[in-house]
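Chains V and X are the protein sequences, given in the same order. Last residue of the first sequence? That's 336 in the UniProt record's numbering, and every number before it is there in order. Last residue of the second sequence? That's 572 in the UniProt record's numbering, and every number before it is there in order.
Hints are supplied without guarantee of correctness; some may be wrong.
Have a look at the derived ranges for each label pair, beta carbon to beta carbon [to be verified]:
1. Ala-503(X) / Gly-269(V): 15 to 23 angstroms
2. Thr-15(X) / Ser-241(V): 18 to 26 angstroms
3. His-362(X) / Gly-269(V): 42 to 50 angstroms
4. Thr-54(X) / Thr-155(V): 30 to 38 angstroms
5. Thr-155(V) / Lys-488(X): 41 to 49 angstroms
6. Gln-159(V) / Gln-56(X): 35 to 43 angstroms
7. Pro-25(V) / Ala-503(X): 25 to 33 angstroms
8. Gly-239(V) / Gln-224(X): 34 to 42 angstroms
Honestly, the hints are just simulated from the structure, not real lab data. Even glycine gets a Cβ: it sits at the ideal position worked out from N, Cα and C.
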Amino acid sequence: MDLVIARPEGLYCPPGDFYIDPWRPVERSVITHAHGDHARWGNQHYLASAPSEGILRSRLGQDINLQTLGYGEVIDHHGVKISLHPAGHVLGSAQVRLEYQGEVWVASGDYKVEPDGTCDAFEPIRCHTFITESTFGLPIYTWQPQTEIFEQINTWWRQNAAEDRASVLYCYAFGKAQRILHGIDASIGPILTHGAVEPLNRVYREGGVYIPETHYAGDFKKSDPLLRKALIIAPPSAGGSTWIRRFGEHSDAFASGWMMLRGTRRRRGVDRGFVLSDHADWPGLLWAIEQTGAERVMVTHGSVSVLVRYLREQGLDAQGFTTEYGEEEAETENSS
Amino acid sequence: MKAFADLYARLDATTSSNAKLQAMQDYFSQAAPADAAWAVYFLAGGRPRRTVPTRQLRELTIAASGLPEWLFEESYQAVGDLAETMSLLIPTAEHVSDEGLALWMEERLLPLRGLAPEELAERLPQLWSQLDRPSLMVSLKLITGEFRVGVSKLLVTRALANMADLDAKRVAQRLVGYTDLSHRPTAERYLSLIAPESDDEHAQRGGQPYPFFLAHALQLPVEQFEAQLGAVENWQVEWKWDGIRSQLVKRDGRLWIWSRGEDLVTDRFPELHTLGASLPDGTVIDGEIVVWKDETSPDLLMNSEEITHQQAEHTPDEPIPFGVKPFALLQQRIGRKTLSKKLLEDIPVVILAYDLLEWQGHDWRNRPQHERRAQLEAVTAQCNSPLLRPSPLLTGESWQDLAQQREASRSLGVEGMMLKARDSLYGVGRTKDMGVWWKWKVDPFSVDAVLIYAQRGHGRRASLYTDYTFAVWDGPPGTERTLVPFAKAYSGLTDEEMRKVDAIVRKTTVEKFGPVRSVEPTLVFELGFEGIALSTRHKSGVAVRFPRMLRWRHDKPVEEADTLEILQGLLA
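So that you can see chain V by itself, here it is in the shape it has in the complex (with noise of 0.2 angstroms):
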């Protein structure tokens, strides 16, 4: 039997009576991690990972009615087998994994393959059927390894505090922020981070995970010669703001994967583009599912219709799944 089906308010398990992830409230859910197109409000009975307590808290509400798990624990619901296992997206972020009667099912939620350093790296779980994303679900989608990514933003900032010039680094405040700070060379100059990226930094240097100092902007004179050598941090959103402007004449980039083209760079705007995505690329994805042994796999949000016939071709019973998922990733990066 199906362990998980899609039905209007989400993905939804008929013996387990819950949804996983649902985009409209239900009275119990299961949250793969607390990006807002995966975490939303209004749900009766939450349960997650452990380590995403502290932000589905900040995001949702103190009171949300919420349960957690540690990785690898398993509790019973109606006869199903649940529990959650490291996916590599975010902190906190979690593959679901259901057992009825015999029958395995892994829900991947969002998901990257490299570890990064600031959350649990992805484990492949075994399974008959597994349900995997396909954000970056085209061959032309590879990632460099992130230590090459950092060593091109740390030589971008080098190269900008030389010239007396603040570098600007637009990228999504959860995940991959802290990824970033996590992952350059703190010694090149003073950071600064946006209002939105402060406290998630907070929660992860809680969780364990070291984040640099980082300042805010109103800790600095405008006229302070130490501005033209920082790093600064933001999300999307305050481009052209006049947060933004403070920071006068300055160098742009954006760190994401939509960068790989130089069709998506260039509507951009910004100086740089970097490929830094927290998402599997095309290798990525074909390895997880391969990892998992399924020989059923269920698509959900991105490239559906061709990784769905990829993987046919292959040889392997695969569909897609319609979800409301990547509405976040659609408007702070690029649809399609």
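Since the structure of chain V is already known, use the hints to place chain X on it.
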């Protein structure tokens, strides 16, 4: 190749002219002259002909990547650029060739032209294995003839001038014709671009033309002309012809014809070769090549007085059309490799002379417009060929008077008027410091059309549905009617509008045919275009020139879009 790929990346990464100048100067000061020669060629817009057929590039990429063909196509549609798609799909090299651009062009890429498919299948993967991703993309763009990077020729000129401490105008002069296909860039040619100025420079130019002087668009209500431009007597006024702006260069007993793109087009216009015999050496004429067929007196091209005289006897409402034919006709000739006798008879060309740039071997560009014009008339009279006539002058008592004459532009087959300051010198490019030329064009045609098909775009529009096909109704409202496609357009929208239309296209898709989506007709745009002609290639029976979106008609329901009848009414 690596150094040139780095330059490309630096130029591509910034929108600042200063940063681009700096990047080019850095490259030129490091590069070997032979490499710099090719770099100038590409940066200044030079494009060698495609050396490997696209189909084969696709096939080899599919083989190298091990992907099914459909997945290559999906990828290409998302990227919107063949060279970039290939560079993303071909496995990249571990170690990178550091050999220069010249060696790569001359010994590796250009020799690929004309090779048998089996030979290419063997050679190309070997070349690819020596390139990292950025170098691979750049070299693929070089062999597909799609290399473009955001620098103007003027900027390249400035970079060279700065580096060699020369006057930019001097470099511009030397650079004319540099990108022409007929001779390869060499270290020697590059070094002569940046050589110190010498006295015999003028004598050494061979068939080189001068940089073209270009006009600025004039967009003022006519009431403000007097205040902005001064008295009408101070201006030389001509029709704005729609053809190929060209220079005739006669030196050392030879004739060269150059197009405004600085391509040598002498061979494209064999009927003009007789002018070589009737023009003295040391003559350079700026003019417009147009198709000219006078049905009433087919053998005769009237001289300017006759034309002016004839026109004067007619009211602006009912002018006698000139023999000039639409640009679309000229276009049919340009594309042809061989020019049959029939084609030359059907589509004959003449040159309407605008200006005299060199006379008796002397550069006349620093003489005032009226003096050059007087001499031009003397030269063409002496030449006495029906193929070369001065572009007729127009006179008006006032700007208002000229504005009234200009109303006849469309029925005469011209695009409007040219206003040239009588004391203006002949400048370089679109400059204003030596006097000014204005193009005073008539407003474009426009119709309200419905978006019916969409395709993803290229370059900065990549992966967004931004290339559209537009249709008009084939009958009046209230009748049973369908939408007939008549034009494709992709320019004119802001980035914001592009994103919105893209989202609507995705939501209202009816069917997909390969990369093309048909959509529910919900969007109406005001489409502007410069010309319209009958066409057998389009379902609608008409073809329009330079179509673009003027604005998004949010206010207009689809039912109120224009009809085919309205389009047909625009046919002259």
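Each hint tested on the structure:
Range check, Ala-503(X) to Gly-269(V): about 19 angstroms between beta-carbon atoms, so the 15 to 23 angstroms window is met. Between Thr-15(X) and Ser-241(V) the CB atoms are about 20 angstroms apart, so this pair conforms to the stated range of 18 to 26 angstroms. Under the hint 42 to 50 angstroms, the C-beta atoms of His-362(X) and Gly-269(V), about 49 angstroms apart, fit the expected range. Roughly 36 angstroms separates the CB atoms of Thr-54(X) and Thr-155(V), a value that falls within the hinted 30 to 38 angstroms.
Taken as a hint, the range 41 to 49 angstroms holds for the pair Thr-155(V) and Lys-488(X), whose Cβ atoms sit roughly 42 angstroms apart. The hinted range of 35 to 43 angstroms is satisfied by Gln-159(V) and Gln-56(X), whose Cβ atoms lie roughly 41 angstroms apart. For the pair Pro-25(V) and Ala-503(X), the beta carbons lie near 26 angstroms from each other, so the given range of 25 to 33 angstroms is met. Against the hinted window of 34 to 42 angstroms, the Cβ-Cβ separation of Gly-239(V) and Gln-224(X) comes to about 39 angstroms, which satisfies the hint.
In summary, this structure violates none of the numbered hints.
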